[in-house]
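Visitor: Here is how the chains run, residue by residue.
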Amino acid sequence: MSNMDNKIVTLPEIATIEEIKEEIQDVKTFYIKFDNPEVQKNFKWKSGQIVMLTIFGAGEAAFSLPGAPENDRFHLSIKRVGKVTSALFELEPGDKVGIRGPFGNGFPFAEFKGKNLIYVAGGIGLIPLRSSIVHALQHREDFGRIIVLLGARTPNDLMYQNNIEEWLKIPGFECYVTVDQATADWKGETGFVHTLLDKANVPVDNTMAFVCGPPIMFNSVIGELMKRGLREDNILSTLERHMKCGIGKCQHCAIGRTLVCTDGPVYTYKQIKTLGEEI
Amino acid sequence: MYLIEKNNVMKLAEELAKSYDLYGPVIDNETKQVFFNKVESASEISLTAEIPALPPKTVVFPQIERITQYKYDKVGKKAEIAMTYDDRSKAIFGIRPCDLTGIIVLDRFFLGQEFVDDVYKEHRKRMFIVSNTCVVPFKQCFCVCTDSGPAADEGYDLNLTEIGDMYLVETGSEKGKAFAEKMGLKPAGDEYIALKKKVIDKSISLFEKVATDNKAWISRIMNRVTTGFIKDEVWKHIGNQCFECGACSFVCPTCSCFNIEDHNRFDGSTDRLREWDSCSFEGYTKMAGDHNPRHPVEDRRNKRFFCKLSYSQSKKYLRPGCVGCGRCQWVCPGDIGLPNVVTYIRREITE
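Quick note, the sequences are listed as chains A and B, same order. To convert, note that position 221 of the first sequence is 331 in the numbering used here; the numbers rise steadily by one, no gaps. To convert, note that position 193 of the second sequence is 197 in the numbering used here; the numbers rise steadily by one, no gaps.
Please note that the accuracy of each hint is not assured.
Okay, the calculated bits of chain B under chain A, using three or more residues with CB under 8 Å as the criterion [stated by the list, open to error]:
1) 100-112
2) 245-258
3) 276-289
Subject to a maximum C-alpha distance of 27 Å in a straight line, what follows is the list of computed DSS-like cross-link-like pairs (lysine-lysine) [stated by the list, open to error]:
4) B:Lys125 to A:Lys383
5) A:Lys138 to B:Lys75
6) B:Lys143 to A:Lys131
7) A:Lys383 to B:Lys206
8) A:Lys151 to B:Lys82
9) A:Lys138 to A:Lys154
10) A:Lys189 to B:Lys82
11) A:Lys193 to B:Lys82
12) B:Lys78 to A:Lys151
13) B:Lys78 to A:Lys143
14) A:Lys189 to A:Lys225
15) A:Lys383 to B:Lys290
16) B:Lys143 to B:Lys78
17) B:Lys320 to A:Lys380
18) A:Lys143 to A:Lys154
19) B:Lys78 to A:Lys193
20) A:Lys383 to B:Lys186
21) A:Lys380 to B:Lys319
22) A:Lys131 to B:Lys206
23) A:Lys380 to B:Lys290
24) B:Lys143 to A:Lys117
25) A:Lys143 to B:Lys143
26) A:Lys117 to B:Lys235
27) B:Lys290 to A:Lys193
28) B:Lys290 to A:Lys138
29) B:Lys81 to A:Lys131
30) B:Lys320 to A:Lys383
31) A:Lys138 to B:Lys81
Think of the hints as simulated: they come from the structure by calculation, not from any bench. Beta carbons are placed, not taken as given, at the ideal position from N, Cα and C, and that holds for glycine.
One chain only, chain A, in its complex shape (with noise of 0.2 Å):
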């Protein structure tokens, strides 16, 4: 079925890195776009989902979508940690890359309809849920609160800063940030992020709630939203895990029956509970 929706399932595709933007320590923006214009006018994406895309020389890793699936730049965000993410914080603009994909099942956005959103994030945890959080405003008359919560473990920690001031200008947007650790010249909140939830003041009836980021944050966070009385299938999150292929095939991103790149990377956490591994 999804093999012909324009997917670029085994050759990756040579794009250009056209923009490089520092966000924090060990995370950049990379704004890319396909050498191949047809490509590039038919490489469409549904929030959550994800890419695989080659550094080359270095290798291929799976990366979350951060762009909105409508007017939004294709860009990736993404923190040095391995191999391939190191080599890829050698490349300036100009330098091609390669993509795979879209792969994976993204947010069944249909079912938000009418509904609460509450993302909750943990540090560099908001870069899956930004392509979400941002069409849900653009669509902003489609859906109840739209609630962010944000936690980091210092200010200079926090994600997509510009995004959230523009996000903020927004009627009815809401915002919420927390770090672990003040610095000098922070004035906000400290505390971990599930505090926020009183602040908040958070609904829980017709209320989807996204959580994403380190376990230990992500557990309490579910405690927390699980005591108000949302449901297990009202909590969404989208798994990470070490993937070669992208298609359901190498079976590295196995996790419980499922394969994390083509039956996730969105699972309820009704589903999560059941899958027998670590987030």
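Use these hints to put chain B onto chain A, whose structure you have.
Guide: Showing chain B alone in chain A's frame:
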């Protein structure tokens, strides 16, 4: 159905070798072990050899293969990239039913899911398969427990069954039929249906006496593997025995997990290689930044046997993932080949 005299049967292989790269079971001169190799001449092939040390999945899914080649000129900002498919026509001569079932499983997995695996598809596209009925089982065989032998039911172009001093030649495809006609094979009478059945019944009856190494009543445990009603202690016991060497995956006709690595060459180009991998390796699920969601070895063992013996995985294969070849039991240094694991689960052995 056709007939060919025993001493003429290799003429089929000789004819295939004219238009295909020919692969078959070969008794290696130096090691005296059986390998399923590419041969220069049909005469190297032995139809009576025991099942090969490595399954013929190597022909459709090589241990290491280049799938893509690229070159990036960083100064000129010019990238070239292309797939490097194996587009040879290959004939497999004398594959045993268990191993053929392995290829059928791989077909369903690589070609029949949401995505088609183009690399695998190219291997399979121009292939001619001649299977060989096991008129006697070997010591390690348990295909009767996994419904994958001693005779092949599907997946072949030609199937050979030794009956007296003749080989019965059955055709399983238009391609096979055309080849049999071209070779001018003598049609076999209907009496050969009964004769073949007799040969197979005899082979099955020999399992009790000859194939004494392994038994695996997999149907008895598939439900429990699927639903997870297996004591943690059983997995722990199996995990404790595991050396994490990956040998079981490498010799398994249906194991198809792979890794992809980019290998830089002196001339500035890069080969993207697809290589066998195994879920028993600790680094299999490890991510950059040192996070590994799958920890204990029993978890990883559990994954492999889930893959072979659960209904959910069987949905992808349209049959169980185990084909009863017995190789894993043969190579496992920890004595936890699949037949033993089945026994442990059945008897709830925990120490």
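Visitor: Of the hints given before, which are not true for this structure?
Guide: 1, 2, 4, 6, 7, 14, 16, 20, 22, 24, 25 and 26
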